[in-house]
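Colleague: From first to last, the protein sequence lines are chains B and R.
Residues in the first sequence are numbered from 8 upward in steps of one, following the working numbering.
Residues in the second sequence are numbered from 6 upward in steps of one, following the working numbering.
What the hints contain is simulated information worked out from the structure, not anything from laboratory work.
Just so you know, these numbers come straight off a predicted model, no measurement behind them.
One-sided and incomplete, this derived list gives chain B residues near chain R with beta-carbon spacing under 7 Å:
id : residue
1  : 128
2  : 132
3  : 133
4  : 136
5  : 145
Where a beta carbon is used, it is the ideal one built from N, C-alpha and C, also for glycine.
Here is what each chain is made of, one letter per residue.
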Amino acid sequence: MIIGISILVLGVIGVIAAIILFIAAKRFYVYEDPKIGEIEELLPGANCGGCGFSGCHAFAVECASAKSMDGLVCTGVNSEGMKKIADIVGLTPVANQRKVAIIKCSASCENRDPRNHYDGVRSCAIEASLYQGESDCIYGCLGCGDCVAACPFGAMQLNEGEELPHVDLDKCTGCGKCVEACPRNLCELSPIYSDRPIVWVACANRDRGPVAMKECGVACIGCTKCRKVCPNEAPDIKSFIAHIDQEKCISCGECIKACPRHTIKSTADPISAD
Amino acid sequence: MKTFKKGGVHPPEKKTTNNCPVVEMPVPDELRIMLSQCIGVPAKPIVKPGDSVACGQMIAEAGGFVSAPVHSPVNGTVKKIEPTRTPQGIWQDSIVIETDKENPVSFPTPRSDGEVNDLSPDDIISIVGDCGIVGLGGATFPTRVKLSVPKGKTAEFVLINGAECEPCLTCDDALMRRDADKIVKGTLLIMKATGAKAGMIGIEENKPEAIKSMSDAAGKYSNLDVVTLKKKYPQGGEKQLIYAITGRTVPAGSLPIETGCIVDNVATAYAVYDAVYNRRPLTERILTVTGPEVPNPGNFLVKNGTSLLEIMKFAGGVPEDTGKIIAGGPMMGRAVSSLESSATKGLSGLVVLPESTSLRKPEGPCIRCGRCVSVCPMGLEPYLLMLQADVKRWDDMSQSGVLNCLECGCCTYSCPANRPLLDMIKLGKQELRKIK
Chain B
8 MIIGISILVL
18 GVIGVIAAII
28 LFIAAKRFYV
38 YEDPKIGEIE
48 ELLPGANCGG
58 CGFSGCHAFA
68 VECASAKSMD
78 GLVCTGVNSE
88 GMKKIADIVG
98 LTPVANQRKV
108 AIIKCSASCE
118 NRDPRNHYDG
128 VRSCAIEASL
138 YQGESDCIYG
148 CLGCGDCVAA
158 CPFGAMQLNE
168 GEELPHVDLD
178 KCTGCGKCVE
188 ACPRNLCELS
198 PIYSDRPIVW
208 VACANRDRGP
218 VAMKECGVAC
228 IGCTKCRKVC
238 PNEAPDIKSF
248 IAHIDQEKCI
258 SCGECIKACP
268 RHTIKSTADP
278 ISAD
Chain R
6 MKTFKKGGVH
16 PPEKKTTNNC
26 PVVEMPVPDE
36 LRIMLSQCIG
46 VPAKPIVKPG
56 DSVACGQMIA
66 EAGGFVSAPV
76 HSPVNGTVKK
86 IEPTRTPQGI
96 WQDSIVIETD
106 KENPVSFPTP
116 RSDGEVNDLS
126 PDDIISIVGD
136 CGIVGLGGAT
146 FPTRVKLSVP
156 KGKTAEFVLI
166 NGAECEPCLT
176 CDDALMRRDA
186 DKIVKGTLLI
196 MKATGAKAGM
206 IGIEENKPEA
216 IKSMSDAAGK
226 YSNLDVVTLK
236 KKYPQGGEKQ
246 LIYAITGRTV
256 PAGSLPIETG
266 CIVDNVATAY
276 AVYDAVYNRR
286 PLTERILTVT
296 GPEVPNPGNF
306 LVKNGTSLLE
316 IMKFAGGVPE
326 DTGKIIAGGP
336 MMGRAVSSLE
346 SSATKGLSGL
356 VVLPESTSLR
366 KPEGPCIRCG
376 RCVSVCPMGL
386 EPYLLMLQAD
396 VKRWDDMSQS
406 GVLNCLECGC
416 CTYSCPANRP
426 LLDMIKLGKQ
436 ELRKIK
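Only chain R is shown next, with the shape it has when bound in the complex (with noise of 0.2 Å):
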C-alpha cells in the first residue's frame, strides 16, 4: 500500500461520524458573510445595505488576483455590511443577508451535458474564478489561480485528495459516499482546465465505502483511477500526497506544478462540478461536528454564514463539559474563542473537546531523544529550531529549512516532554517574514 517516505504518525482516528449521512442543516433567518474567505485579498463587496440578492448572486467580487468572490447563499435582503469576530476573535467585515422566509432559495437551470462539452478549459477556469471557489481542503488558495498552469509548466496528473488524514473529520468521507460519481466528473473538469493526461484519486484505507463507491464510478474512464492509501497523518499534505500516489519529490521551495501535478481536494472537485454542470457558486459545503458529548454529531451541509452557535445548536447544544472548539481538525485545526462567527468556504469542522482532554500538559525540558525529528514529514529538526526560536536567531531557523515546514503538528504530537515545538516554530515563521 503507498504512502509517504518521510516521518509522519497515525493518532487514535475518532471518526465517529463515518456512517453518519450527510444532513442539510435548515436555512438560518440571517447570514453573516465573511468577506475574507482565502487566503490573499480579501473580497470588495458590491452590495449596499438594503439590496435584495438572490441565491447565487455575487455580493463581493475578487480583491485582487490570489482573491476570490463571494455569493449570497440564499434569497434576502442586505441588512448591514459590519465587522463580525473570525472563529479565532478578530474583527473582519462582513455582509450581514436576512433570509426571505418564503422562498429562501432557488437554483439556477442546468447545463447540458453537450453545453458542458463544447467549454474550453479558459472557460472552465473562468467560471470556476467566478463561482468563488476555493481550495476546500482547508488553505482555501483560489482554485483559478491553482488551474491556471504556468506558461512553460504542463500538468501531467490531477491528484484528487480523498486521504482525511485528520482524526475526528469525516466530512470528505460523507461526500464520496454521497456523490462519487460528480466528484468524477468534476476530476474530469479540472484535467481538461489544466490539460493533464491523468487523474489519480488518493483514499486512505479506513475508508472502504468511500474507496468502493469512488473506484465504481472511476471505473467507467481508462484515464482515472482511485489509488487507497496507508492511513498515516499527514497524508493529506500536497507533498506527501504527490509522493505517495505518484514517488515524485517536490523540490524546496517549489510548487507542486514542477513535478507535473496539480492537487485538488475532493469537496473542491466537487464544488467544479456544481459550478460547472449547475451554475451553482460555492455557497455551501459539507462539515463534520462531533465529540465526545455532542448530542445529535454528524456531516451537515452548511450555507456558508453561518453562525458557528446554529451549526452547534442543530448538533444538540454545546456540552456542558466543553474545554475547547477546534474549528478544523484536532491537529491542524485552531480553537474557536467565539461563537459568534460564522461558518466560511474553509471550515471543515468543529471538534468539542472536554475539559479534561483540552488542556495543554505541562511542560518538560528536551531530552534529545529525537521523536520529533522522526516524525517530521519534511524531514525538519523541530527541536533544533525551537531552540533557535527560543534565542530569537531567525536567520539560523531560515538555514535550518523552517520555511519548509508545513505546520502538521506531528511534532508537539510526538513529544513526550510535552514542549510547544510548533508555535515557537510557527513564531520563526512569522518574523521571517516579517524581515522579508
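So here's chain B without its partners, still in its complex pose (with noise of 0.2 Å):
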C-alpha cells in the first residue's frame, strides 16, 4: 500500500517537472546554426588558438556566419578538412601553406657541458628569469620542457639523456603555442614543402665566433661559409648567426656539408605539405 502511494506520488511529480521542463524547453529556446556544430565535429578540439580565435568554438561560429574563407584557416586540420568546413558554409577554400615549428638549438648536454647545476622549479621561464642557464650558453635550450607542456597536441617530447625537444612533424600542426612558451624564441614556425625536406640552423647563440665556439660544441659562429656554398643565397647572417631564408632554399644539402660546425639540420624527408 504505502509503496503504492510513494509510486503515485513520485509519478505525479514526473509528469509535472516533464511539463515544465517541456515548457521551458520552447519558451527559453536559442537558435543555432546546425552549420556550427557540423564545423566543430570537424575541428581538433584542442583550442589551441592557432587560427586568431580564443577557440575552435568560436572559429567554428566565425566560419558559419563567414562571406569568404579569407583568413579562416585552422592549423589543427589538413587541407581536406578545411574543404569539408568550406563546403559546409558553401565556400571555396583558401590554400593554405602548412607550418611546423623548428628547434633552433642541437646542443645536447655532449655538446655543452652544465657548468652549474639548476636546482630550481623546472620551468623554462622560471630558470630564464633566474640566470644564463646550466651552460654557458646564453641562448640555447633550458631543457626543462615548457614547449612540451604548452603543446596541445602531444607532438612535442623531450628526448631522453639529451635534454632538447623534439618534434613529431607528423603531429606538429603549427599552431605557435611552443613560439609563445619558449622564453629563449627558440621555436620558430617554418612553411614546409612536400618536394622538399626543411633545412635550418639549430642554433640562436649571437656571440662572436670565438665566444660561441668555447660556449658549444656546436654553435653557429658566423662563418658564412653556407652562404658561399648555397647556389640560392639563401643563409642570411646577422649578428654571428646564419638563418636560411626558406622561400630560397632548394634543400640541395650543401650547407650542411659545408658547416665546421655541424649546426644545420635538415629533416629526414620530405614531409606532406597537407
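Put the two chains together into one complex, using the hints given.
Modeller: Shown next as C-alpha cells:
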C-alpha cells in the first residue's frame, strides 16, 4: 500500500516536472546554426588558438557566418578537412601553407657541458628569469620542457639524456603555442613543402665566433661558409648567426656538408605539405 | 620595541663577521665596470679604448631619467669596452680599465663646512645625481630621483635604514660602527635636499655597538633620532620600516612619499656625505664576504668593478666544499653562476654556502597550514598565488594583489613542504609586466 502511494506521488511529480521542462525548453529555445556544430565536429578541439580565435567553437561560429574563407584557417586540420568545412558553409577554401615548428638549438648535453646545476623549479620561464642557464650559452635550450607542456597536440617530447625537445612533424600543426612558451624564442614556424625537406640552422647563439665556439660544440659562429656554398643565397648572417630563408632554400644540402660546426639540420624526408 | 605589524620571520642570524672592522681591499690591476648598475636605463660610455682616465672621472653618463652615471674608481687607461658576464651569467656591456700601478688613486680637495652650508637643496640633488649615487640597500634606485620630491608632496621624515635584517650580512653594521658621524652628516644633507624636518635612523637590536655609536653621533642634533627596532626580517623593506618607525601605512601601489617619508640606506647616506663633502663619486662600497668555511671572512671596502674571483681570493679563496655563492643576503640574494663577473654598486655581500646546506629540499604537497599567509609582511596569500601561477591565471594573481609582493621570501622560507612559492609568484609578476 505504502509503496503504491510512493510510486503514485513520484509519478505525479515526474509528470509535472516533465511538463515544466517541456514548456521551458520551448520558451527559452536559442537557435544555433546547425552548421556550427557540424564544423566543430571536424575541428581538433584542442583550443590552441592557432587560427587567431579564442577556441574551436569561436572559430566555428566565425566560419558559419563568414562571407569568404579568406583568413579562416585551422592549422589543426589538413586541406581536405578545410575543404569539408568550406563545403558546409558553401564557400571555396583558401589554399594554406602548412607550417611546423623547428627548434633552433641542437646542443645536447655532450655538446654543451653543464657548468652548474640548476635545482630550482622545472620551468624554462623561471630558469630563464633567474640566470644564464646550466651551460655557458645564454641563448640555448634550457631543457625544462615548457614547450612540451604547452603543445596541445602532443607533438613534442624531451629526448631522454639529451634534454632537447623533439618535434613529431606528423603531429605538429604549426599552431604556435611553443613559440609563445619558449622564453628563449627557440621555436620557429617554418613553411613545409612536399617536394623537399626543411633545412635550418639549429642555433640561436648571437655571441662572437670565438666566444660561441667555447660555449658550445655545435654553436653557429657566423663563419659564412653556408652562404658561400649556397647556389641560391638562402642563408643570411646577422649578429654572428645564420638564418636560412625558406623561400630561397632548395634543400640541396650543400650547406649541411659545408658547415664546420655541424649546426645545420634537415628533416629526414620531405613531409606532407598537406 | 618597535617593529612592523604583519608577518615576518627571524632566520638564524649567522652574522659571524659582526666584529670584523672594514678592511680596504688592495686596488686590482684590472677593473671591469658594468654599465648597468642601477634600476633603469644602463649608462652610456663617454670614453674610448686608449683614453686615460682619472680617479673619480665620469666614464659613462646617465642613459635616461631613471639612470645614474658611472665613474672610474682609479687612475688608469681604458683597455676596451666589451661585454662581461653579470653574476647571473648574462652578457652586459662593461668598460675595462687597467690601473696605473704607480699612482692608482687620487682624491680631490674636500669642500669646507662653509661651502657645504652654502649649497642649496637643488645643488645637493644635482651633486648626488652627478656622483652616480644609487640606493645601496640592494634595489639600486637612483638617489637623485628619490630625493626630488614630486610637486604637491612634502617630505616630513627622512628614515635611514640601518636595520640590516638579512642574515649573514654585516656591511651596514661595520659602516655604522666606523663612520657614524659621516652617516649623520649625510642624513642632514638628505634632509636639507628634501626639506624634511626630522630624521630617524632605524637599527635592529642585535647591533648594540652600532646603536651606541650612531646615538652618540646623532645626539648632537635635536632633529635626529636613533630608533631601536626589534629583530625581525624583512624590517629593511621600505614599507615595513616606515610602519615600524612612524606607524604609517603606505597605500598599496603608491610610493613612500605618500606618507611623507623618504627612506635611504645608511650606506647611501654615507655616499651622499662623501659626494658632497669630499667631492668623491660613488666608486666603492663595503661588502660582506662570509660563509662557514671561508678562511678569512670580513667586511671589505671594494672598488666598483673588482672581479668576484679577486674578492674571494682576498677572503682566502673559494672553499673546496662550495655548493652555492650568493650575491647579496641569503634571503633575497641570487646565486652567482660566474665568478668572472665584477662587483657593482648594488652588491652587498657574497655568502658562500657549503654543498650540504645549499641545495633545495624535495617539494611536497600543500597542506593548507597557512604558515606562508601568517608570515607574509604584505598580507598576501602565497599558497593561493602559487596555485594561480601553476594554471597560468595571471589576471587572478593580479586581483589577489601579487604586485604588492616585495619578494622577501618569507613564504618559501617558512613552508614546511619546501614549495617554491616565491619562484612562482615572481613568474606571475613577470608575466603581468609583459601583459602591461
